Amino acid sequence: MSHIIEVTDLKKVYPNGVVAVDGVTFSVDEGEIFGFLGPNGAGKSTTISMLITLTAPTSGLAQVAGMDVTRQPMKARLAIGYVSQDMAVDDALTGYANLRIQAGFYHIPRNEAPARIAEVLKMVELQDRAKDKVETYSGGMRKRLDIACGLIHRPKLLFLDEPTLGLDIQTRREIWKYINRLREETGMTIFLTTHYMDEADSLCDRIAIIDMGKINALDTPANLKSSLGNELVEFQFSPIDANEIQSAIEKIGKLDFVKSVTGAGIRGYLASVNNGEASIPAMFEALKDGHAKISHILFKQPSLDDVFLHYTGREMREAGGGKENAARNRIMMRRARK
Amino acid sequence: MKINVLFSDIYWVFWREIKKFFQQKARITMAFVQPIVWLVLMGNMMTGLTNNPMAAKMLGTGNYIDFMTPGIMIMTALFGGVMGGTSIIWDRRLGFLNKMLSSPIYRASIPLGKLLAIGVQIMLQSLIIVVLALILGVHFKTGIPGVICLVLLSGIFGMIMGGISLSLGAVIKSMESLFAITNFLTMPLMFTSNAMFPISAMPVWLRVIANVNPLTYATSAMRTIATQGWIFENIWPGVLFLFVMIIITTSIAIRMFHRSIS
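Keeping their order, the protein sequence lines are chains A and B. Residue numbers for the first sequence follow our numbering, so the first one is 1 and each next one is one higher. Residue numbers for the second sequence follow our numbering, so the first one is 1001 and each next one is one higher.
It should be emphasised that the hints constitute simulated quantities derived from the structure, not laboratory data. Note that the coordinates shown come from a computational prediction; the quantities given were computed from them, not determined experimentally. All C-beta atoms in this analysis are idealised placements derived from N, C-alpha and C, irrespective of residue type, glycine included. Do not take every clue at face value.
List of simulated lysine-lysine pairs, BS3-like, C-alpha gap at most 27 Å [stated by the list, open to error]:
# : chain 1 : residue 1 : chain 2 : residue 2
1 : A       : LYS122    : B       : LYS1002
2 : B       : LYS1002   : A       : LYS75
3 : A       : LYS214    : A       : LYS11
4 : A       : LYS133    : B       : LYS1002
5 : B       : LYS1020   : A       : LYS131
6 : B       : LYS1002   : A       : LYS131
Okay, the calculated beta carbon distance ranges per label pair [unchecked claim]:
#  : chain 1 : residue 1 : chain 2 : residue 2 : range
7  : B       : MET1045   : A       : ASP132    : 39 to 49 Å
8  : B       : ASN1211   : A       : MET74     : 21 to 31 Å
9  : A       : SER226    : B       : ARG1255   : 54 to 64 Å
10 : B       : SER1262   : A       : ASN274    : 25 to 35 Å
11 : B       : ARG1255   : A       : SER59     : 44 to 54 Å
Negatives, chain B to chain A, calculated, CB over 12 Å [stated by the list, open to error]:
#  : residue
12 : GLY1095
13 : SER1102
14 : VAL1120
15 : CYS1149
16 : SER1174
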């Protein structure tokens, strides 16, 4: 099996001491859609930046398309395409001019350029708008143009950094369609980062969950979900003293059908169970002597959201509650897991 | 380093800048309006000056507009050139810089292509000034070869200022700070030079400053070409100065750019 990306103990420490990427190791197979899933600031963009030769790693090895990113950066650049999260296209120019510049940057011969441009325009279905200025494009069209720019030199490997950041839901679906089709039609390997669970779930063959510069889990979305068990119980307590809640969680954690309990931010807590819906009355039974009372409870199948929570110990988007609250929740969760 | 690849990379960076320049109608309009305002307004305001034989002698020509035209070319190059750094700050902000850096182009081609674009824009503006000046009755003593020299020299001067501005833009990273610094530079540079007033009409302290002001070197050479003819001993110091400066500022710009991306 040939690996198109081979990363060994890759590390990036910025001069101010911030450890952005803390020794990650993984490999990506040819033809795969591989996703880095993590919250903002998890180290996704820094990893991409090292893989596309823009940032020098502090230590470790990274090979893309057989080229070492620190020793053969020019060759690596020719083999890979990169689409940043910024939608970096020139508004004042036409779609065609944007692509023409890109073709120039990739040293595509003058007489070949028009055919190449037509080819990528067709791939993202922008043929009809090529002569219009980009400022007249919608958000989705800009993104498609940006993706087309990354395809102009027919790379073996395409990096998409947060491909649907800031787009509305229909447009995101549309972009997913193009990404899927790209793989089908060209067999290209795609490496993407995202902080959207649904995006990782519907696009990626394999996902690496990254948080605080480290990979916490790496598998197919289905395996990641089943690793949590097939059943989850989400519950919340009525407002009460934190110590009481902690002892209640410990009680639940000790029940023999409960595999683990993790905090889920404003959603309360999440218990991975193996006895189906019978777990709900059993949990109430376990708490009947204490002061903590469950106020909401829900039985469900695991989602990638829950997987993320399980592996990183925190929710992807801390929805409100402030820093202090989040920190307290984290401490609670860590205790509960032990 | 393959030289033809380097040239091709520079060309595409340049092409993008020029293409963007021609899309900005406001900038093109201003390229016409600004010299008209300067030439007509200043030329008209100062006509009284040339009625005085002493003043006419200081100006070296009987017509203030004749005196003023090379000065306006230099000023246009000065103001146009110092804006050059903004393009690199924009590219960084919009993510286009990363897009260029992730492509297999030579790093140096980014500042070089941008500088070349600045030079060409300024030469175009200078050409517009020449045409307007001719319409207003300005007489260029050295004819067409002289005009070509004037346009080239103002382009070189613009690239010198552009190199300084790009170097600043590479390190500063914020538009507001860049403007603060370039404004601080341009105004004193202009008013302590002979772009608008002859040195012989200045107080002694200002003459000392004017004589070391880079703007004065460029202006003197260009003004000699425009109003007096091919008097080489008045031209070569300015030309030499411009050529030395452009090598220095361009090298610094490339260096600063490299440093800012590593």
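Now for the hints, and whether the structure bears them out:
1. Under the criterion of a C-alpha separation no larger than 27 Å, the hint pairing A/LYS122 with B/LYS1002 is inconsistent with the structure, at around 33 Å.
2. For the suggested pair B/LYS1002 and A/LYS75, the alpha carbons sit about 14 Å apart, so the restraint of at most 27 Å is met.
3. For the proposed pair A/LYS214 and A/LYS11, the alpha carbon gap of about 10 Å is at most 27 Å, so the pair holds.
4. Distance hint between A/LYS133 and B/LYS1002 is unfulfilled; the C-alpha atoms sit about 34 Å from each other, more than 27 Å.
5. Of the supplied pair hints, the one linking B/LYS1020 and A/LYS131 holds, its CA atoms being roughly 15 Å apart against a limit of 27 Å.
6. Our distance criterion of 27 Å between C-alpha atoms is broken by B/LYS1002 and A/LYS131, whose separation comes to about 33 Å.
7. Between B/MET1045 and A/ASP132, the C-beta spacing of about 46 Å keeps the proposed range 39 to 49 Å intact.
8. At roughly 48 Å, the beta carbons of B/ASN1211 and A/MET74 sit outside the given window of 21 to 31 Å.
9. For the hinted restraint 54 to 64 Å between A/SER226 and B/ARG1255, the CB-CB distance of approximately 56 Å keeps it satisfied.
10. Between B/SER1262 and A/ASN274 the CB atoms are about 54 Å apart, so this pair departs from the stated range of 25 to 35 Å.
11. At roughly 27 Å, the beta-carbon separation of B/ARG1255 and A/SER59 lies outside the given 44 to 54 Å, and the hint is violated.
12. Not every Cβ of chain A is farther than 12 Å from the Cβ of B/GLY1095; the closest lies at roughly 3 Å, contradicting the non-interface assignment.
13. Not every CB of chain A is more than 12 Å from the CB of B/SER1102 (nearest about 4 Å), against its label as outside the interface.
14. Once the 12 Å rule is applied to beta carbons, B/VAL1120 is consistent with being away from chain A; the minimum gap is 17 Å.
15. Taking the minimum C-beta to C-beta distance to chain A, about 32 Å, the non-interface status of B/CYS1149 holds against the 12 Å cut.
16. With a closest Cβ-Cβ approach of about 17 Å to chain A, B/SER1174 is found to remain outside the 12 Å limit, as its non-interface label requires.
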